[in-house]
Amino acid sequence: SQQGEEDPQALSIQEGENATMNCSYKTSINNLQWYRQNSGRGLVHLILIRSNEREKHSGRLRVTLDTSKKSSSLLITASRAADTASYFCATASNGNQFYFGTGTSLTVIP
Amino acid sequence: NAGVTQTPKFRVLKTGQSMTLLCAQDMNHEYMYWYRQDPGMGLRLIHYSVGEGTTAKGEVPDGYNVSRLKKQNFLLGLESAAPSQTSVYFCASSQTGGAGNQPQHFGDGTRLSIL
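Sequences listed follow chains A and B, in order. Residue numbers for the first sequence follow the working numbering, beginning at 174 and rising by one. Residue numbers for the second sequence follow the working numbering, beginning at 754 and rising by one.
Isolated chain A, as found in the complex:
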């Protein structure tokens, strides 16, 4: 399986703190994407980073990519209760498919 893995599986923090989650994958990639899933809903795309990029920002989100270690991290700064959700990474290589990780469940305590 080419499925990636997120670490940690679950994370609980206080509102205002930063949350960091990591994604490791197995094969070379064209891009890596992060998605958020609120309880009972579908996945929502957050940010895409290409294989030739090392860091990308979007609002309170910062994504890094280290292709030599086959890993990525998602940092959410100044977390809010509304950030409570599951977060998934997805990788794409030279094909049509996307490969999703197992997810990190983030709980932000008000």
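A portion of the hints provided could be inaccurate.
Some residues of chain B that are not near chain A, with every Cβ distance over 12 Å (derived) [claimed, not checked]:
(1) 772
(2) 773
(3) 794
(4) 796
(5) 805
(6) 830
(7) 835
(8) 836
(9) 838
(10) 841
(11) 855
(12) 856
Not everything, but these chain A residues come out facing chain B in the computed CB check (under 8 Å) [claimed, not checked]:
(13) 203
(14) 204
(15) 214
(16) 218
(17) 221
(18) 258
(19) 261
(20) 268
(21) 269
(22) 271
(23) 275
Estimated spans, in silico, between C-beta atoms of each pair [claimed, not checked]:
(24) 217(A) / 868(B): 29 to 35 Å
(25) 234(A) / 767(B): 29 to 35 Å
(26) 232(A) / 793(B): 27 to 33 Å
Everything labelled a hint here was simulated from the structure, so no lab data went into it. Note that CB positions come from ideal geometry on N, CA and C, so glycine has one too.
Chain A is fixed; fit chain B onto it per the hints.
Below, chain B alone, put in the same frame as chain A:
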């Protein structure tokens, strides 16, 4: 602009029954995907389509069939439902495939229980 719409949202079947899940997208996307999501296993690809009239197998295709007769619709069929197919099913669409650096857009899922 509805995005990706899945019907039904919930369904309970008995073992051996058949059903079809419908996915419709209004973004004129070429690529459409069916995933299943099980606890602790993330999303696994069942089948996908790279355009109208085409389908291809994903990671876990056994027990499922698909059709893409119209560009905007992608149907997932269970011919003889089994308890192991109890899951949440998600449809997604994208303008390009994985290598094309475009995001996927997801529906809100169909929660299917097979007794």
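How the hints compare with the structure:
Consistency note on residue 772(B): stated as away from chain A, and its beta-carbon is indeed over 12 Å from all of that chain's, at 20 Å minimum. With a least beta-carbon separation of about 19 Å from chain A, residue 773(B) lies farther than 12 Å from that chain, consistent with its non-interface assignment. Not every C-beta of chain A lies more than 12 Å from that of residue 794(B), the closest at about 7 Å, which undercuts listing it as non-interface. Not every Cβ of chain A is farther than 12 Å from the Cβ of residue 796(B); the closest lies at roughly 4 Å, contradicting the non-interface assignment.
No Cβ of chain A comes within 12 Å of the Cβ of residue 805(B); the nearest lies about 15 Å off, and the non-interface call holds. Against chain A, the non-interface label of residue 830(B) holds: every CB pair exceeds 12 Å, the least being about 21 Å. For residue 835(B), the requirement that its beta carbon stay farther than 12 Å from each beta carbon of chain A is met, with the minimum near 22 Å. The non-interface label for residue 836(B) is consistent with chain A: the shortest C-beta to C-beta separation is roughly 22 Å, beyond 12 Å.
Distance check for residue 838(B) against chain A: the nearest CB is about 19 Å away, which clears 12 Å, and the non-interface claim stands. The claim that residue 841(B) lies off the interface is violated: its Cβ sits roughly 9 Å from the closest Cβ of chain A, which falls inside the 12 Å cut-off. Not every Cβ of chain A is farther than 12 Å from the Cβ of residue 855(B); the closest lies at roughly 8 Å, contradicting the non-interface assignment. Distance to chain A contradicts residue 856(B) as a non-interface residue, since its nearest Cβ pair spans about 4 Å, not more than 12 Å.
Because the smallest distance between the Cβ of residue 203(A) and any Cβ of chain B comes to about 5 Å, under 8 Å, the interface hint for this residue holds. Interface restraint check for residue 204(A): the shortest CB-CB distance to chain B comes to about 5 Å, inside 8 Å, so the restraint holds. Given hint, residue 214(A) at the interface with chain B, holds; its Cβ is 5 Å from that chain's nearest Cβ, closer than 8 Å. At its closest, the beta carbon of residue 218(A) sits 4 Å from a beta carbon of chain B; the interface hint therefore holds under the 8 Å criterion.
A cut of 8 Å between beta carbons decides the hint on residue 221(A): the least distance to chain B is about 6 Å, and the hint holds. A least Cβ separation of about 13 Å between residue 258(A) and chain B goes past the 8 Å threshold, and the interface hint is therefore violated. About 7 Å separates the beta-carbon of residue 261(A) from the nearest beta-carbon of chain B, less than 8 Å, and the hint is met. Taking 8 Å as the C-beta cut-off, the interface hint given for residue 268(A) holds, the closest approach to chain B being about 6 Å.
The beta carbon of residue 269(A) is positioned within 8 Å of a beta carbon in chain B (closest approach about 3 Å), and the interface hint is therefore held. With 8 Å as the threshold, the beta carbon of residue 271(A) comes within range of chain B, its nearest partner Cβ sitting at about 5 Å, so the hint holds. Interface restraint check: residue 275(A) against chain B, minimum CB-CB distance 4 Å, threshold 8 Å, status holds. Distance hint check for residue 217(A) and residue 868(B): the Cβ-Cβ separation is about 32 Å, which falls inside the suggested range of 29 to 35 Å.
Taking the beta carbon of each, residue 234(A) and residue 767(B) are about 44 Å apart, not inside 29 to 35 Å as hinted. Between residue 232(A) and residue 793(B) the CB atoms are about 30 Å apart, so this pair conforms to the stated range of 27 to 33 Å.
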